[in-house]
Every structure is written in structure tokens, then in C-alpha cells.
Amino acid sequence: MLLLPALLFELLVHLVPMVVGVFISFKALTQLYLAQWQHAPWAGLSNYRIVADVNGAIGQALLHSFVVTCAFTALAVGLSWLFGCAAAILAQDKFRGRGVLRAIFLTPYALPVYASVITWAFMFQYNNGLVNHVLHDELGITSRPTFWLLGDNSFVALVTVSVWRNWPFAFLVIMAGLQSIPRELYEAAAIDGAGIWQQIRLVTMPSLRSVNQVLVLVLFLWTFNDFTTPYVLFGNAAPQPADVISVHIYQSSFLTWNFGEGSAMSVLLLLFLLVVSGGYLLLTSRRRDAY
Amino acid sequence: MPTRPRGKAVVTRAPMAPPPSFIWTRRIVLGVLTVFALLPVYVMVSSSLKPLQDVTSTFSWIPAHITVSPYVDMWRTVPLGRYFVNSLIVCTCAALLSVLLATFAAYAVSRYRFRGRRVFTLVVLSTQMFPGILFLLPLFLIFVSIGNATGIALLGSRTGLVITYLTFSLPFSIWLLAGYFDSIPRSLDEAAWVDGCGPLRALFRVVIPAAMPGIITVAIYAFMTAWGEVLFASVMTNDTTRTLAVGLRDYSTQTDVYWNQIMAASIVVSIPVVAGFLLMQRFLVTGLTAGAVK
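Going down the list, the sequences are from chains A and B.
Note that this note's numbering has the first sequence beginning at 29, numbered continuously upward.
Note that this note's numbering has the second sequence beginning at 85, numbered continuously upward.
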């Protein structure tokens with residue numbers, strides 16, 4: 029009985045739309061039918077054929093966007109995990125200023141995404157941004173100012189902002205995970221003559237395995253599906269090298285109002301995520317059992 | 085083999101002081117990360133105090149002229165006040181409803197053994213992981229249909245946004261609260277039952293007061309999730325119901341980009357969530373641990 033209200037809203041906003049989403053991916057749902065979408069003609073598999081055809085313009089753009097997203101996700105998740113893990117482990121022992129540092133590290137996570145991403149967009153400006161000022165004017169690394177939000181560099185900008193935003197979450201989760209490692213393990217290791225680096229390698233890292241398993245998956249899914257960061261950073265037109273999948277689907281759906289094709293892309297994306305998540309959990313769980 | 089003296093708390097991880105190599109690595113890595121984390125915050129604060137010509141020319145670390153006029157002008161350049169009120173209404177309603185529903189659901193998950201209990205938790209959690217874009221198009225169409233059938237306009241209304249947002253935080257809230265409820269001894273509600281309370285009264289009189297830190301955490305989390313959402317807000321609001329998440333972009337669609345006012349507005353819209361987050365972070369670590377232990 030108590031579950032019912034929660035279940036109802038979950039149904040309305042998550043499960044029903046998912047079913048409807050699959051349903052309309054088989055429909056020729058274009059602008060003409062938007063108000064009466066139930067009556068749009070059936071299209072069979074043609075939406076899927078169009079979006080999965082890598083030789084056609086739409087399929088090619090989708091494939092490109094998919095590859096970009098994979099590269100972006102791998103880089104951003106790897107770096108976020110590395111930063112968060114390093115910070116959490118180095119700040120595990122008590123030292124002066126640890127509490128302040130913790131608060132500082134969590135600020136990127138506490139600020140509303142759009143506010144901080146807009147600030148990054150300002151920092152990446154060509155004429156008046158901080159990044160070009162430091163790299164070009166002060167350090168002289170680049171011979172001329174760089175366009176960060178256009179062209180190939182937009183990919184770097186996107187990864188930077190995404191890592192800045194997500195590493196505090198990794199830090200938070202690993203910090204919580206460190207608390208559950210029994211002190212006796214460290215003491216035993218110290219008695220056996222292990223220095224602090226060896227303790228980290230032999231006690232901390234293996235103990236964090238199950239925390240990392242979930243953390244990496246969550247980071248992967250969030251980064252892969254991230255819409256806010258690229259959308260706020262680049263505005264309505266994402267540059268080609270940073271055209272990640274969620275923005276790609278959004279733009280191709282609401283620019284042309286072809287919801288049928290948009291839904292087909294979404295369904296393919298969902299299938300991909302399910303397969304990857306399932307495979308990942310299977311693989312990592314089996315490896316964990318082997319130890 | 086030396087034995088640890090009894091009853092004496094061990095404060096440090098290693099019984100010996102860390103070597104200099106560790107201390108220097110710690111200083112450098114944590115120092116670099118501090119700069120990385122705070123850089124945008126510094127830019128935000130310093131640029132919000134500069135006059136327009138200073139933010140449109142080459143960046144300077146120290147503001148040459150300090151002015152508070154961006155904080156005054158930002159309310160006039162775009163209807164920021166209205167966006168603010170919209171965001172407050174939507175996020176508060178979504179957070180309160182989400183907490184209420186999550187409390188009921190988490191209590192059921194934690195206290196009753198029913199079939200499909202694990203499946204329910206799993207499904208609820210996995211919805212969190214699906215791409216928002218997947219729900220956007222169908223939800224858009226469903227709201228159109230509900231509008232056509234009943235005359236209740238969910239599209240472009242605050243209600244539609246509240247319904248959408250409350251479900252975003254619901255899965256995580258249920259999971260977190262269920263972990264929290266598990267840590268509250270069952271004997272507590274059993275005692276209440278013996279005293280003649282029904283399950284509902286036991287929940288409100290005994291369990292909820294005991295779980296208050298967890299519930300507050302969840303409320304703040306729900307509020308923050310809603311406050312930062314852009315995708316649905318960009319499609320489901322119109323000029324009168326626009327929230328901050330979309331409204332902040334209005335500064336840059338004008339012919340001039342008022343960077344100083346954008347930075348000032350960014351600070352002002354951050355204040356509610358940063359305050360909430362500081363309140364929550366103490367609970368969040370314990371809450372995460374409670375959930376993880378389960």
C-alpha cells in the first residue's frame with residue numbers, strides 16, 4: 029500500500045514513456061502528426077533502417093556522434109576516477125586543513141551545473157577568457173589564442189568541464205568507502221613492515237574494489253548520458269568534434285520534429301547501455317569471485 | 085610481536101608518521117586539485133564585480149574597477165526574479181512530494197518482505213541510469229495527450245515540471261532511505277505496535293523522527309537535482325514558467341553578452357543549493373555508508 033504512490037509516479041514518468049518511446053519508434057511520427065500522435069502511420073522498421081544505415085547522412089552522423097561519445101566518456105570517467113581516488117586516499121589521514129579541503133573539493137559538485145558550466149564557457153572565450161589569457165598571454169605556450177568552443181579543441185573543453193564536475197562525486201564515494209576498511213588491516217600491514225605506499229597498494233586498493241565497481245558504472249552512465257554540460261557549454265549548435273549523443277538526439281528530434289527517428293535513436297542507445305552495463309557487471313562480478 | 089595497548093584509540097592509519105615522499109605528493113596533488121576546483125568559483129566572483137568593458141576585454145586576475153552594479157542590473161536585463169520564483173516553487177514542491185513518496189516506499193521496502201522486493205529496488209535504481217532523452221520525447225507526447233483529453237495543460241506548466249522532477253530524485257531517495265530505515269532497530273516500531281499504533285502511526289511517530297537526518301538529506305538532494313535540471317526545463321517551460329536553468333541563457337542571446345551579469349546571476353542562483361549542500365554533506369557521507377552496508 030505504501031509503495032503505491034511512488035510506483036504510480038515512476039510508472040507515469042519512467043515506464044510508460046519508455047513503452048511509448050518504443051511504440052513511436054515504429055511510427056512515421058513527423059510534425060504533421062504531433063498533436064494526434066497515436067494516429068501516425070506505422071513505419072515498421074524503417075526508422076531503424078534510416079538511423080542505423082551508416083552510409084546514409086543520418087546514420088553516419090549518428091555513428092560519428094556515438095564514437096565521439098565513447099571517446100569522451102572513456103577519458104572523462106578515467107580522469108574523474110583518478111582525481112577522486114587520489115584525493116580521497118591522500119586525504120584519508122587526519123592533517124591540518126583536511127576539513128576545509130573536503131569542503132573545497134565538493135564545491136564543483138554543489139554548484140548548479142548550468143551556473144558552473146556557463147562560467148567555464150566564459151573562461152573558454154576567445155577574446156576575454158581566462159584559459160587563453162593564461163596559456164597565450166602569460167605562459168606563451170600557444171602562438172595565438174585558441175578557439176576552445178569551436179573545432180577540434182571543443183572536445184578538450186568538454187572533457188575538462190565534465191571532469192571538473194564529476195571528480196568530486198568519485199571523491200565523495202571513495203571517501204565513504206574508505207571508512208569501512210577495518211583499521212586492523214592497516215595495523216597488520218604496518219607490523220609486517222609495509223610502508224604507506226605499500227599499504228595503499230596492498231590494503232586500500234583491493235578493499236575498494238566493490239566500491240569502484242559501482243562507482244565506475246555510475247560515472248560511465250552519467251557521463252555517457254550527460255546533456256547539460258555540452259548543451260550549456262556550446263549552446264544550440266554543438267561543434268562536430270564534441271557532438272555527444274544526447275545532444276545529437278535532442279537536436280535531430282526538435283529541429284526536424286521527427287520524433288519517430290529520434291525515438292529509434294533513443295531505443296538503440298538504451299539497448300547499447302543495457303548490454304554494456306550488464307556485460308560490465310557480469311565481467312567484474314566474476315573477476316571478483318575469482319579472488 | 086608488539087600488541088596494541090588496550091582501550092587506547094588509534095588515531096592515524098599507520099602507527100608511524102608518513103614519509104616525506106607521501107607528504108609532498110599529498111601537498112602537490114591536493115594543491116593542484118584545490119586550484120582546479122576553485123578556479124571557476126574565483127572567476128565567477130571576481131568577474132561579477134567588474135564593469136562590462138572589463139569583462140569584454142582581455143581577462144584580468146584582479147578587477148581593476150570594482151562595482152556592484154551587475155548585481156543590480158541583472159534583475160532588469162532578463163526577468164530573473166520571475167525565473168527565481170518559478171524555480172523555487174517547482175523545486176520545493178518536487179522535493180517535498182518526492183520525500184513523502186520516498187519515505188512511504190522506503191519504509192515498505194525496509195520493513196516488509198514481499199515478493200519482488202529486490203526486483204523493485206533494482207528497477208527503481210536502474211531508471212536513474214537511463215538517458216533522460218529517452219523519456220523526453222514520449223513524455224512530451226503524453227503531456228500533449230493529457231492536455232488534449234482533460235484540458236489540464238501539463239506542457240509549459242509548473243505542475244508538469246514538478247511531476248517530472250519528483251521522479252528524478254525518487255529512486256535514489258528510496259534507496260538511501262531504505263538503507264537508513266534498516267539501521268533503525270525493528271524493535272522500535274514493534275514497541276509502537278504493541279502500544280497500539282498502526283503501521284502508519286508507527287511510521288510517523290517513531291521511525292520518521294529517528295530517520296530525520298536521512299530524510300533531510302533526501303529532501304535537499306531532491307531539491308538540488310531539480311534546481312540543476314536543464315533538459316526537461318528547456319522543452320517543458322514557456323515564457324511565464326521558465327526556470328533559472330533555462331533563463332540564465334537569456335543574457336547571452338542579446339546582442340551584447342553581459343558576462344558580468346551572468347556571473348553575478350550564477351552566484352545568486354548557486355546560493356540556495358550551496359547552502360543546502362553544506363547542510364547535507366555531513367549526513368551524505370553517513371547516509372552513503374548506511375546504504376552501502378546494506
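None of these hints come from the bench; they were simulated from the model.
One should not assume that every hint holds.
Stated by the list, open to error - So the derived list for chain A, only partly shown, Cβ under 10 Å to chain B, looks like this:
1) W70
2) L73
3) Y76
4) C98
5) I146
6) W148
Where a beta carbon is used, it is the ideal one built from N, C-alpha and C, also for glycine.
Verification of the supplied hints:
The closest approach between the C-beta of W70/A and any C-beta of chain B is roughly 16 Å, which is over the 10 Å cut-off, so the hint fails. The beta carbon of L73/A is not positioned within 10 Å of any beta carbon in chain B (closest approach about 18 Å), and the interface hint is therefore violated. The restraint placing Y76/A at the interface with chain B is violated, with a minimum CB-CB distance near 15 Å, outside the 10 Å limit. Restraint check, C98/A versus chain B: the minimum CB separation of about 14 Å is more than 10 Å; hint violated.
Here the hint on I146/A is kept, as its CB sits about 6 Å from the closest CB of chain B, short of 10 Å. Because the beta carbon of W148/A sits about 6 Å from the nearest beta carbon in chain B, less than 10 Å, this interface hint is met.
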